[in-house]
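*Asks:* Here the structure of chain F is known, so what remains is to put chain D in place on it, guided by the hints.
2 protein chains.
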Amino acid sequence: MVQPIFWIVPVASIIALVLAWYFYNGMKKESEGTDLMKKIAGHVRKGAMSYLKQQYKIVGIVFACLVVLFGVMAYFNLQNPWVPIAFLTGGFFSGLAGFLGMKTATYASARTANAARESLNRGLRVAFRSGAVMGLVVVGLGLLDISFWYVLLNYVKTDLDGTSKLCFITTTMLTFGMGASTQALFARVGGGIYTKAADVGADLVGKVEAGIPEDDPRNPATIADNVGDNVGDVAGMGADLYESYCGSILATAALGAAAYMTSGDVDMQFKAVVAPMLIAAVGIILSIIGIFAVKTNENASMKNLLNSLAVGTNLSSALIVAATFGILYWLGIANWVNLSLAVVVGLLVGIIIGRATEYYTSQSYKPTQRLSKSGETGPATVIISGIGLGMVSTAIPVISVVLGIILSYGLAAQWNMADVSHGLYGIGIAAVGMLSTLGITLATDAYGPIADNAGGNAEMAGLGKEVRRRTDALDSLGNTTAATGKGFAIGSAALTGLALLASYIEEIRIGLERLGTQFIQLGTTIDPNGNEIAITKALHEATFTDFMNYYHVDLMNPMVLSGMFIGAMMAFLFCGLTMNAVGRAAAHMVDEVRRQFREIKGILTGEGEPDYARCVQISTKGAQREMVFPSILAIIAPIVTGLIFGVPGVIGLLIGGLSAGFVLAVFMANAGGAWDNAKKYVEEGNFGGKGSDVHKATVVGDTVGDPFKDTSGPSLNILIKLMSMVAIVMAGLTVTWSLL
Amino acid sequence: MVQPIFWIVPVASIIALVLAWYFYNGMKKESEGTDLMKKIAGHVRKGAMSYLKQQYKIVGIVFACLVVLFGVMAYFNLQNPWVPIAFLTGGFFSGLAGFLGMKTATYASARTANAARESLNRGLRVAFRSGAVMGLVVVGLGLLDISFWYVLLNYVKTDLDGTSKLCFITTTMLTFGMGASTQALFARVGGGIYTKAADVGADLVGKVEAGIPEDDPRNPATIADNVGDNVGDVAGMGADLYESYCGSILATAALGAAAYMTSGDVDMQFKAVVAPMLIAAVGIILSIIGIFAVKTNENASMKNLLNSLAVGTNLSSALIVAATFGILYWLGIANWVNLSLAVVVGLLVGIIIGRATEYYTSQSYKPTQRLSKSGETGPATVIISGIGLGMVSTAIPVISVVLGIILSYGLAAQWNMADVSHGLYGIGIAAVGMLSTLGITLATDAYGPIADNAGGNAEMAGLGKEVRRRTDALDSLGNTTAATGKGFAIGSAALTGLALLASYIEEIRIGLERLGTQFIQLGTTIDPNGNEIAITKALHEATFTDFMNYYHVDLMNPMVLSGMFIGAMMAFLFCGLTMNAVGRAAAHMVDEVRRQFREIKGILTGEGEPDYARCVQISTKGAQREMVFPSILAIIAPIVTGLIFGVPGVIGLLIGGLSAGFVLAVFMANAGGAWDNAKKYVEEGNFGGKGSDVHKATVVGDTVGDPFKDTSGPSLNILIKLMSMVAIVMAGLTVTWSLL
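Residue numbers (our numbering), protein chains in the order written: chain F, 1 to 740; chain D, 1 to 740.
Hints listed in this document are in silico derivations from the structure and should not be mistaken for laboratory results. Please note: incorrect hints may appear among the correct ones.
Each pair may be met inside one copy or between any two copies, as identical chains are not told apart.
Each computed DSSO-like pair below joins lysine-lysine, with the alpha-carbon atoms no more than 27 Å apart [unchecked claim]:
#1 K680 with K373
#2 K621 with K373
#3 K696 with K680
#4 K621 with K366
#5 K373 with K207
#6 K207 with K690
#7 K680 with K29
#8 K207 with K696
#9 K157 with K680
#10 K28 with K295
#11 K696 with K373
#12 K680 with K366
#13 K165 with K696
#14 K295 with K696
#15 K165 with K537
#16 K165 with K373
Just chain F, same shape as in the assembly (with noise of 0.2 Å):
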């Protein structure tokens, strides 16, 4: 049943996770340094590796619920058997990407300093690996994931047959997304929770109170903050990016058999089923390519790092768009010179995107700068300068995310922009296209927190300033890379949601057919003899059109306009939640830091040791409580828009809260990003250096901007996936109720 063309994608997969072994073994094999630093790396370790434990308690706990929800809908019928079991495996393997990112990074700091004690390009180099291995595991996880559940669904005896058996095996697969979905935006809630109230605390009382610099040792919230980069932006992201990655591969998918179901022509349909997985497996390859041409010379400057970064992801890059075209025409799609230029298309709005935060947020640019400046009127006027910027900055990656979509549509429709069906799909494959080099653009965006968090234990071992210097500068390049693999998550996010968007009509065709609807009713005519009749279609004909008439989905619908109210509200409800979340805890940091400073005699002059495991469990304790409402509401949301509202309300939901949510995303992630570099511009020497009042008033700016843009902004971009994969595994549920 299985075509031979699509073992590439397992093979890839394992090639990669083989890959990442030899990397991390690689790593391990490097020296952790002094007793100092080891010990320090250990306790940042155990802390992270016992929060982690905690999370997967609750997500546990959630992850049953769910289950039985799902285990009882197809008991009912509402849902078929295999749901329940894609949900586990996709959380699982989301899980485990997290996991074994984390655990590499929090093996790999201490040696990163070590290394960078020799010299900065040792440094980059065991960084890099380690972040590699990151970018490995989570693509060959998730191509492994997606290999195994196509096989499996494939061999699985059902009573359908030709082109239905491959939307089920689709829409199934989806389930295993909606896993991934829930599992990232707990780690990305709750270790977005722990890293900024660690972040906070530690900032406020130490850098701003008591005047001591980051990561110093006599800050009780050190180790808690160190612990957080790893949990929040090793384990949090690898999750997230786990999710996105699958995302878009499982809902193009479930497009391409979608777009063909109606011709009946199954061939056709199975190619637009694996184009998808095989640019996602070529992609692996090319990025194994480009990590490999990460090479610099000892003498190598700044700019040497930068540009061999760059030549690594612009290999990968540049050789997917050919392999592109080779691998469509060999797998014979139809049209498939214009499918391979929906992949450049992606490629091209996830590097403007990119471009555009790099413009907006780096201090090498006007924006950020003219913020620094701003910091000479105090904290309120960089506040206001910030907020200004971030939304500003939305107006480009919108744009290009606009043109991306009719593009990436009408190369796919040939133009006919009529054609949805074919339309959506070239909108999904763009998304494939934009994350088809995840594997090297994650590793240069996982290695930024182990650069950082090297620079915390090479402060805390006191390994001087030169050491210091070089994590800095391996940090501040993260910096730079990152910006790029944020454009294409955020880019990704947008594009994935309406082929998701897409998919939900799908499964609503699936509950229809269940319930034994064969015919949907799309309007009336008048007959020869002046009758009123009905003008049907047969179900398995309907085209995604046909299914918008029949449930009246336009912009004149209460119901409709009603859902993207509620959808563009959550959007802001969530991110009001966990600001509100990351306050809180936050606070709770500073009462406990204030408390050992005034309790601990001679902690400030480094003769009492700081308690930093009470630290580390207030970030434990605050971020496992404030995960577990914003996460539930994303999950409630759209069940209960469902049961009100019906399935208009539930499409005007979903396309409310990405439309909204995109934008406040970008807006948050850009405000964040240009205020922490804003400070970095004037602790470079800028408007009196650091300690001067512009620097504090830019500090104020930073400290807001690190919920806004490691905890809100990057959940609003799997909100915006999960609400769909919700709607999309309850549609059953919504389409039986919406005819009692």
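*Replies:* Positioned in the frame of chain F, the structure of chain D alone reads:
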């Protein structure tokens, strides 16, 4: 042609204007106090008038360009020739309402301060009656302009007749709404930038750096700050609410004409057109009764004062409910009970939003008190918590608006949810109901800035603590009632936005008619011989849903999706531009105030006189320069979207802008209000009181909140509607262009 019952409308509007004149004269008879008080008031008055003159000059240029454009469009038969003139009168009356309100306010402030020297109650009376001038001028001019055009167009000779004629009348009248919106946007943006640049500048240097109190005569920006209250909070608000008021009535009238067009029932169509006007006219009379009901005895406590204001507004609301049932019964409109209930729904939604606003922004409740407490950990946590609070506070307003949409739609459509035209008419009627008591709610709203300015006058004239305490009490009273007023403004913007969307479709129909289109194709079917035939419908019989089908305005159309992304982005971009504008203008002000403190000797000891005029000039120039780009952008966006993405793109833009813009507006208004009152709560002696670190932290929050609540937030309300109005007026161009 015009039925007798209609004449109630102009009569009510003339009563309102006569009464406004009476209150104005009563206020003018009061004494303006000491020579110093007169001098200060004169400065403020002069500054305000000179700014308004400058603003009208720039707006005049924009209007001239637009009138030429409309003239050209009329010449090429893309619009009817009445459009340019209607556009001009809308702009003129909107500006006039703001101008008269401001004139009154600048005369009233010193008189209020002087009256407050006698007693709190005398102060309330002068301030409230002066606020009532503005309330009555806005509703009076609004209905007068509407009456004028309604009568004129009824007697105009056209080749139209029957139901078409009424559609022609109502859609032409909508153009005057666009004039009012354009004027209002400039007034809000320009005035908002002016007032906040002065306010932020005065606070940052005066309060924070020099440590002198608010409104201190030693602060060079004090006069500019007081001028700002008048041009932003009075003239801006007047133009804004004039636009809201007329917009909701005109959009509903247009919907009424459309709802009965296809049935050919001219009589019922007439009733549906005048119903919103009649409700508004009766609302004027009942507002006047409410205004006279505001009375207290000489020894009234603060609570008594609040109660007496509440008596006035509650009385008006209760009476309007009763009167609506009466007037709609008397009018004999079909389904009158349900339509009256829709008015009740509108009023209730307004009240719920107002209450929610009060809960989230008043220092009497937990959220704002907790926000004050977050100042204990510095300004950064104040900002984080304030943003969190604002975002969470969007939930209740959105849910009430959604319930309002569903209920008013369902009531008017008699629960046949597919009956879009009557359903949308119900939404419009709810918006009219919400704004029907604007005469009194605006009076309670407008007297706030008068009391604020009276406080400024008292401070600068050295009238002593007791008088200042009384003016502060009046100001604080105004803040509470303003919360309700804001709820009505923001809720009605959302509902009116939806009603305008329907008017856009109407205008598309007219555009097609003008091009000679007689039938639109809705799909295809198979005839008994197996041939595919087109399903068509006569243009004048096509419903809203038919137009949605004809233009494929469903949520799978990439043009619609692109429009939605752009719409959501527009809301953020517009806010970002106005935030940046305030930041830049405030920075200039800060530089100037610092320069004066440095260069003018003895300024802080009271021996040297600050150069007030220079600060007034800086704010004026800043506002002028900065208001143009965002305002022009709002006008251009729907035109460009229409040319590129056609009708589906424009509808996407409007809906995306409406849903994201509404939520964003609530967020910004509430965050800003909460920051303001969190600072006041600390100043009342909590968490260390004035001068403490917590106070300094909350002052940062207040400063950030200023442009949130007084510039960007309120401008968004207008943006939402202006984009719809522009789309409506430009519909002819869009239709013709798409067919080229």
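*Asks:* Take the hints in turn and mark each one as holding or not.
*Replies:* Now for the hints, and whether the structure bears them out:
1. K680 with K373: Answer is within; shortest intra-copy Cα gap is 12 Å, inter-copy 29 Å.
2. K621 with K373: between (38 Å within a copy, 22 Å between copies)
3. K696 with K680: both (12 Å within a copy, 25 Å between copies)
4. K621 with K366: between (41 Å within a copy, 24 Å between copies)
5. K373 with K207: both (21 Å within a copy, 21 Å between copies)
6. K207 with K690: both (11 Å within a copy, 25 Å between copies)
7. K680 with K29: Close neither inside one copy (34 Å) nor across copies (61 Å); limit 27 Å.
8. K207 with K696: For K207 and K696, both the intra-copy (9 Å) and inter-copy (19 Å) Cα distances are at most 27 Å.
9. K157 with K680: neither (60 Å within a copy, 70 Å between copies)
10. K28 with K295: Classified as within: same-chain Cα gap 20 Å, cross-chain 82 Å, threshold 27 Å.
11. K696 with K373: For K696 and K373, the Cα distance is within 27 Å both inside one copy (12 Å) and across copies (21 Å).
12. K680 with K366: Within one copy only: 14 Å inside a chain, 37 Å across chains, cut-off 27 Å.
13. K165 with K696: neither (62 Å within a copy, 66 Å between copies)
14. K295 with K696: This pair counts as neither: shortest intra-copy Cα distance 39 Å, inter-copy 51 Å.
15. K165 with K537: within (21 Å within a copy, 40 Å between copies)
16. K165 with K373: neither (61 Å within a copy, 60 Å between copies)
Checked against the numbered hints above, the structure breaks hints 7, 9, 13, 14, 16 and satisfies the rest.
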